[in-house]
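K.L.:
Spelled out, the chains give:
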Amino acid sequence: MKDFRRGLIAGIPIALGYLSVSFTVGIMGATLGLCIWQTVLISMTCLTSAGQLAGIGIMVHPGQYMQMLISQLTINIRYSFMAVSLSQKADSKFSGIFRWIFGFFITDEIFAVCVQENALKRSYMAGTACLPWIGWSFGTLLGASLGAILPDRIMSALAVAIYAMFIAIVVPEMKKSTAVIWVVSIAVLLSCLFYYVPALQGISSGITISVCAIVAAVVGALVFPVEVDLG
Amino acid sequence: MDNRQYFIYLMIMAVSTYLIRAIPFVAVKEKIKSRLINSFLYYIPYAVLAAMTIPSIFYAPSNMVAAVVAVVMAVIFALKNKSLMVVAVIACATVFIVESLMMII
Numbered sequence: 000m001k002d003f004r005r006g007l008i009a010g011i012p013i014a015l016g017y018l019s020v021s022f023t024v025g026i027m028g029a030t031l032g033l034c035i036w037q038t039v040l041i042s043m044t045c046l047t048s049a050g051q052l053a054g055i056g057i058m059v060h061p062g063q064y065m066q067m068l069i070s071q072l073t074i075n076i077r078y079s080f081m082a083v084s085l086s087q088k089a090d091s092k093f094s095g096i097f098r099w100i101f102g103f104f105i106t107d108e109i110f111a112v113c114v115q116e117n118a119l120k121r122s123y124m125a126g127t128a129c130l131p132w133i134g135w136s137f138g139t140l141l142g143a144s145l146g147a148i149l150p151d152r153i154m155s156a157l158a159v160a161i162y163a164m165f166i167a168i169v170v171p172e173m174k175k176s177t178a179v180i181w182v183v184s185i186a187v188l189l190s191c192l193f194y195y196v197p198a199l200q201g202i203s204s205g206i207t208i209s210v211c212a213i214v215a216a217v218v219g220a221l222v223f224p225v226e227v228d229l230g
Numbered sequence: 000m001d002n003r004q005y006f007i008y009l010m011i012m013a014v015s016t017y018l019i020r021a022i023p024f025v026a027v028k029e030k031i032k033s034r035l036i037n038s039f040l041y042y043i044p045y046a047v048l049a050a051m052t053i054p055s056i057f058y059a060p061s062n063m064v065a066a067v068v069a070v071v072m073a074v075i076f077a078l079k080n081k082s083l084m085v086v087a088v089i090a091c092a093t094v095f096i097v098e099s100l101m102m103i104i
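In order, the protein sequence lines correspond to chains A and B. Anchor point for the first sequence: position 164 equals 163 in numbering that gives the first Met the number 0, and the numbering is continuous, going up by one each time. Anchor point for the second sequence: position 56 equals 55 in numbering that gives the first Met the number 0, and the numbering is continuous, going up by one each time.
Pulled out of the complex, with its shape left as it was, chain B reads as follows (with noise of 0.2 angstroms):
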C-alpha cells in the first residue's frame, strides 16, 4: 500500500480512536445522568462485537463446517465464563481438528 495513503487512513484511525478514550477520561467529572444515553453507551460493544463476528467468522477459516463447529465450541466455552484466552485458543484447535479430519476421511 502506498504510504501517503496509508499514513492518512493510520492518522484518521490512531486520533479517533485515542481521542473517544482521552476526552471523556480527561472531562468527565460527574456520573451521566441520561438513562437513554446510558443504556445505549451499554448496548453498543456488544452489538458491535455481534454484528463484526456474524457471519464474518464463517468465512475466516478455509473451512465452512470447521467454521461452524468451532462457534459452536467457542460459545460452549464462553458460557462456562472462560478467559478470552481460553476461548480463543479452543476455538483456532477445533478449527484445526476439524480441518485435518476432513482432509484424512
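So that you can see chain A by itself, here it is in the shape it has in the complex (with noise of 0.2 angstroms):
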C-alpha cells in the first residue's frame, strides 16, 4: 500500500501534463468530426499521444487499414523498447497476468518515472498509472466537448501543445548527443518533402511518418551505433 501511494504521488505531475495535452487531442478529434465518445474511447483505450494524433488523421479516410496499422507500429515501437527496459526492473512477484495489465500503460513518461526504481513493485507501477489515466481521458473530453464552444483564438493557441510537448521530449537528447541531431534533421527534411513537393503529397501520413522515420533511425543505427543503457 505504501508503494501504491508513493505511485499515485509520482504519477500527480504526469496526469497534469496529460490533461492540457489531451485536451489537443479531443480538440483535434471535434475538428475532424468525431463524436465526443469516440474520442473519449481511443484515449481511454490506446493512451498514446503521438499514435492517437497521426491515428485520428488517418481515420477519417475511409478504408486505410493497413495505413493505420503500420502507422501505430512504427510510432509506437519506443514503448517495445522501453517495456524491454522495463522487464529487466521489474521484481520476481511482478509477473504474468500483471505484466500483461500494467504493460498497458508504458508511456514514455510512466516509465520514465518506473525505470527509476531499483526493483519495480507492481504496485508502484499501479499507483504511477492510474492518475494519468484518469487526466489522459478527462482531458479528452474536455477538449472534445469544449472545442466547439471555446473561441478561434483559445483553439488556436491549444493547438500547439502536443507539438510542444514532442519538442520538449525531443530538444533535451538532441543537446546531450550530436547523433541525436543528425537523426532529427533527416527526419524533419524528409517530413518537408514528404510534405512540400507536389508528386508525394498525395500519400498518406500514416506511411510518410513512419519512412521519416524509419529511415532516419535506420541511418543514425549504422552511423553512430551507441551503447544502449537499457537500465
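In short, the hints are calculated from the structure, not lab data.
Below, simulated DSBU-like cross-link-like pairs (lysine-lysine); rule was C-alpha separation at most 35 angstroms, straight line:
1. A/Lys92 x B/Lys32
2. B/Lys81 x B/Lys32
3. B/Lys32 x A/Lys174
4. A/Lys1 x A/Lys88
5. B/Lys79 x A/Lys174
Please assemble the complex out of the two chains, which come individually in their own frames, going by the hints.
P.N.:
Have a look at this one:
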C-alpha cells in the first residue's frame, strides 16, 4: 500500500501534463468530425499521444487499415524498447498476469518514472498509472466537448500544446547527443519533402511518418551505433 | 463517422498499441545484445516525434508567424530542461499573445 501511494504521488505531475495535452487530442477529434464518445474511447483504450494524433488523422479517411497498422507500429515501437527496459527492473512478484495488465500503461512519462526504481514493484507501477490514465481520458473529454464552444483564438493556441510536448521530449536529447541532432534533422528534412514536394503530397500521413522515422533511425543506427543502457 | 468503420480503426489502434507494449514486457527476460537493434530502438522515438512535429506545428495555429515564435519559445525552454507541461503551456501562451498582438496592430 505504501508503494501504491508513492506511485500515485509520482503520477500527479504526469496526470496534470496529460490533462492539458489530451485536451488538444479531444479538440482534434472534434475538429475532424468524431463524436465526443468516439474520441474519448480512443484515449481510454490507446493511451498514446503521438499514436492517437496520427491515428485520428488516418481515421477520417475510409479504408486505410494497413496505413493505420503501419503507422501505429512505427510510432509506438518505442514502447517495446521501454517495455524491455522495464522488464529488467520488475521484481519477482511482478510477473505473468500483472505484466499483461500493467504493460498497457507503458507511456514515455510513466516509463520515465518507473525505470528509476531499483526493483519495480507492481503496486508502485499501479499507483503511477492511475492518475495519468484518468487525466488523459478526462482531458480528452474536456477538449472534445469544449472544443466546439471555445473561441477560435483559444483553440488556435491550444493546437500547439501536443507538438510543444514533443519538442520538450526531443530537444533535451539533442542537447546531449550530436547523433540525435543528425537523426532528427534527417527526419525533419524527409518530413518536409513529403509535405512540400507536389508529387509526394498524396501519400497518407501514416506512411510518411513511418518512412521518415525508419529511414532516419536506420541511418542513425548504422552511422552512430550507441551502447544503449537499458537500465 | 460511421460506427462500423470507427470500431475497425479503434480495434487496430488499441490492439496494436497494447500488444507492442505488453508482449515485450511479458516475454523479454534477457537483455537485447544486438548493438544495431538497440541503436535503432534508441533513435526511433526522436525520429518519430520530429517528423510529426515539423512542419505540422507551423500549420496548427491559425497564424504561421505565431507558430514560428511558439516553436522558438518551446525550443528555448526545452533547452533549459523544463517539464513537458511547462513547455506546452508556454507555447500555447505564445501563440495566444502573438495572435492577439497581431489583431491589435
